[in-house]
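Start from the sequences and build out the full structure, keeping to the hints where you can.
Single-letter residue listing:
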Amino acid sequence: MKRITLLAAFSLICLLANAQTADEIIEKYFENTGGKDAWNKITGLQYNASVNTQIGEIPLVMYNSKSGSYVKMTVQGNEITQFAFDGETAWGMNMMSMQAEKQDNETTENVKRALKEFPDPFLNSKENGFTIELLGKEAIEGTDCFKLKLTKQPTLVDGVEVENTSYYYFDAENYVPILVEAEIKSGPAKGNISQTFFSNYQEVNGLYFSFSFTQGVKGYPGQAINIKSVEINPEVNQSLFIFPENK
Amino acid sequence: MKVFNVILLLITLSISLNNYAQEPIKLTGDELFGTMKARQIGPAVMSGRITDLEGHPTNAKVIYVGTAGGGVWKSLDGGTSFNSIFDDYNQSIGCLAIDPSNPDNIIWVGTGETWTRNSISPGDGLYKSTDGGTNWKKMGFEKSDHISSIQINPKNSNEVFVGVLGPLWGDGDERGVYKTSDGGATWEKLLAGNLSTGCSDLVMDPKDPNILYASFWEFRRTAYSFSSGGLNSALYKSIDGGKNWQKIHNGFPEGALGRFAIAVAQTNSNILYSIVESNDRSKSGLYRSEDAGESWIHLNKNFELAVRPFYFSRIVIDPRNENTVIKCGLFGSISRDGGKTFKGLGPQHADIHDIWFDINNSDIIYSGTDGGVYCSYDGATTFDMVDNLPVSQYYHVSLDNEEPYNIYGGLQDNGSWYGPSESPGGIEARDWHPIGGGDGFRAFRHATKNIIYSEIYNGEAVYRYDLDKNIINTIHPFPAEGDPKFRYNWNTALQVSPNKPDRIYFGSQFLFKSEDMGDTWEKISPDLSTNDPKRQNQAVSGGVSVDNSGAEMNTTIFCIAESPLDENLIWVGTDDGNVQITLDGGKSWTNVVSNIPGLPKNTWCNHIEASTFNKGTAYAVFDGHYSNDKNPYVYKTTDFGKTWKSIATSEIASFARHIKEDYVNENLLYLGTEMGLYITIDGGKNWIKFTNNMPAASVHYIALHPKKHDLVLATHGRGIIIIDDISPLRQINQEVLKKDVHFFETKPTVIWEQSSFGGNSTFSQFVGSNPSRDAKIMYYLQKRHTFGKMTLELFNSNGELVGTADPGMKKGVNIVNWDYTVKPPISPKGQFNRKGIFMSTQLPEGDYKVVLTKGKDVYESNIKLIYDPKSSFSLEDRKLKATLIKELFDLTQQLAYLVYEIDETISYINAIDFGKDKTKKVANDITIELNEFKNTLVVNSGDNYVQAAEPGLKEYICDLYNLVAGNTAKPSNTHYNNYKMQKGKFEAAKEKLASIKKTDFKKIEKYAEKNSLPSFTLKGFEEFLKQ
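Going down the list, the sequences are from chains R and G.
Just so we're aligned, residue 44 is where the first sequence starts under my numbering, counting upward by one.
Just so we're aligned, residue 322 is where the second sequence starts under my numbering, counting upward by one.
Just to be clear, a hint being listed does not mean it is correct.
[Said to hold, decoys possible] PhoX-like cross-link-like pairs, simulated, lysine-lysine; straight-line CA separation at most 20 Å: (1) G/K661 <-> G/K604; (2) G/K604 <-> R/K192; (3) R/K180 <-> G/K459; (4) G/K459 <-> R/K190; (5) G/K449 <-> G/K459; (6) G/K1028 <-> G/K1110.
[Said to hold, decoys possible] Some chain G residues close to chain R (C-beta under 8 Å, calculated; not the full set): (7) T349; (8) L397; (9) E611; (10) F1108; (11) G1109; (12) K1144; (13) I1158; (14) S1161.
Since the hints were made in silico from the structure, they are not lab data.
C-beta: ideal position from N, C-alpha, C; glycine also.
See below:
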């Protein structure tokens, strides 16, 4: 009987010691990756990356900020703006006409709404009206993780506002996300679960970033994106965001 | 004191942890199997049994499908495409419900199909999702086995009623109607059944959630009988939210009744329809009430209205017209006059289990059948099949030795088929070929001939299909004078010999052997079953209405195994629990089942696996669920059955169906269970569940390809699932598990040179994915790599870096694909043009070094590429091809440098302010000339469709380069001539630039010099290539 009491007491202590709230996990995440102050000082981030494809390695430059963003790729010496956003207009190159074309209204609106998520959706999430819920623990790739549900500003899908949720799996040892899952809400792949795995966390000017992420649809092989370098608050030619009317 | 106690406890715990550290390392599935992934190849061409259909109440595009063994699928486009949303949980679905007041988010799933045929799988409780099906939580009823209904108060999400049908194969005390008022946290039993009577249907009045109708059904199956109905079967009504219930039988026949169906009209909740099963056929069929169940009028006893109540007791009313009703059935039927008359539904797969009317248009009707989901757009006159529900229900699987190998098997109500393990463009519907009708079961390819064997239920036919002549002969044995009637299992034992290609076996209660592919048969055993007369009364089986389909046939042989090491050693297992062995080719038999410890008597012997390592070794799997026993029974003998040892552990969550011994590592075993695949790497001491892209589907049979090392699973609800190349598992042992990184030995990779034409399926058709053609680099990581840099590089035998791959970073086995290609040449800069994209070329065969850099640590291994030994492409010709590719590669890079020089020259000129100097005109002229010149070398304008610019020299070289690189042949004279021409053009271009630079450009340089401007500089060729 005494033994049972002891065990119960110990279990309770373990439980308390292990108990984490969603806020505590997020606090630790920022603590372990450079501190909230440093994250708050980020105004722009440029990832210089590459992907391996059937036509060789394709360099990518992905720039993101609160006011604009772009993704450029260089295919065998030829630079193509795959996507750009100047705060009002989202656009990209049509690979048939090789002319810039505006994205549809709904995509543009959703990109605009996602501005709040820069540089990290968990930073100032309460002020942004996002909610975070700890759903429990789950093993991902053999690693114990905290599963967090992040609900952001709703997105528009075919004219209807729909809930915008993602599920983050934070490594329970290091408190960094190693997987993000979300249901794809529009397009032909809708209903599938998108997955992004993160690894190769490395330090850049005191902040930690994942230098390798693999994106794909659950159940299918993903595409790895390898980061060569991360530039914090780089000087960027603002005209690169703007839709080239006459090009 | 308390603190002291806790410290003591911590010390004790730390001691026990230290002890544990010396124990063998045990890993969970996710930890061990790492990036090894199952490949689900369907097929969906015949699909599988659908149990329940539900739609979103306000969004017609959202449809949910519950299946017999393939989980839950959701469509967001009105049924064009579906995604599986219930992979990790029990795949047998009884019912679905969508919360009317929160339909985007709250979905309930009751597991355990309720169409109680012999082959159905039990469920394991009730589940709820609060995010539209992304995440699920179990809400109780673990012992329910089969949940028939879920009703949600449309005004209160927390108030839910559940009808529990309960176990099929034995007593159950969880049967009845339950209610929760707190969203599922707690449940109150409102109406109890009894140990054999459960709730088969529960419906709610659409206008008043306090009015409920519940049908109760007395039923039971055994391995040899079925009973539907009894005095406890009844239809009840409650008008106070389930507190009190009244039997509403006014107008129904008296006496024992069977299964009821019940439906309430949404347009008028006084109108009810019910289907009644009675032993008086004249009183069976459709009843209608117009006073909310106070009284019933018998309207119709047509075949379709009364047929097979245990399989078809469902009637669905048009939500906009109470006089339009569809009765599910063998073919289904529709009435548009309130049930007085019916006509058949349009052609579709037989055996219709549920109907869903579109919420806006009653002409759009979805039906769930034994062969998938169908949709009608014209009020049930014609139906179109949904082509992307891979929920096929295989009973068996076998493989052949073709390359790629083919997969053979039979399915519930969908015949027998074979199809390839890979196909150009993916494994499409057209790749699958029917090889037998009816319900298909076991199917085999002859070991050396183009002959396929298949069968239908109860041994009624065994087909021998000659593929070359396209001839089918039916070859099963017939009784001879003096023979008793042969008894064949529904899933009849058919087996080919591993030793003699023309030998086949067939099992009734006797074992038959044919040495000539079924032309003549020899009975080589006495009755090997218990021959228990109590288990042979199928003619009167069925209960209230006789149902003697043959599915309950018992006291038969179920599995046959000839030892691959001795053709005279044959094992036989029977469905009534005998395990028989002969050592002399059938002259004498010994029943060794009594030597098996802990096995309940008469437990169905599902499979015997004769070892390929030792003659005396065999594995036996028994399935107790036919006696309501879900324990796994897995045994091993090493002395011809004299003694047996259980190798089942508590890690196995449900009953076992099949076992496969590995061909290389005798401690590596694969176990098919009701809830997925388990693997042991230590001969059965520990079992680990394989969950990587592997749903919790029932694995009925397992095949292992001896050359490809692929594990191929026949699932009863998720089609064929392949785990490609399991060879790393053969190399895992405790030594490996202790290492930080361990590279596994891999077989040489055959360089892929075959056609990739294919892939003509439409978007809405399911296509099974192919295995990767890449080389596989396989290693074990003791810990997931999350922090720091990790790279994977490949070097040729000269030590030159030839490629990189994206390293896997999972804990456990990592399989990295490497496409063994060389980077394309540095390409001349111009506008992106589809005709100017250089493809990557394959590396030659040879040994390559793999270097894994993980932080500061470096690990090395080797990998080998070989040419296809069957290829007719000679080494000499390969050299010619490689030489020309190299020349074209170099030419491209030289052209890239030339274009770079032009670009730099133009930039240099443009950067100079000539003011009013006369050189300005020269500069303008040169710039124009250089731009025009550049346009002949590389495309700089136009589009990639019908306004494309004239190709430049780059595009012509690229065209030739890609053609030569893509061909599996030596270059032809045409190719050499064209190369000569392009090279000539390049030389001319080089001279032209040199000429411009020597003449007019000198004037620019002079001007720059005079004005102290920077001189023109250019990177050297080698430096340029480093970009």
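Verification of the supplied hints:
| no. | hint | in the structure |
| --- | --- | --- |
| 1 | G/K661 <-> G/K604 | holds (15 Å) |
| 2 | G/K604 <-> R/K192 | violated (56 Å) |
| 3 | R/K180 <-> G/K459 | holds (16 Å) |
| 4 | G/K459 <-> R/K190 | holds (17 Å) |
| 5 | G/K449 <-> G/K459 | holds (6 Å) |
| 6 | G/K1028 <-> G/K1110 | violated (37 Å) |
| 7 | T349 | holds (7 Å) |
| 8 | L397 | holds (5 Å) |
| 9 | E611 | violated (40 Å) |
| 10 | F1108 | holds (5 Å) |
| 11 | G1109 | holds (7 Å) |
| 12 | K1144 | holds (5 Å) |
| 13 | I1158 | holds (6 Å) |
| 14 | S1161 | holds (6 Å) |
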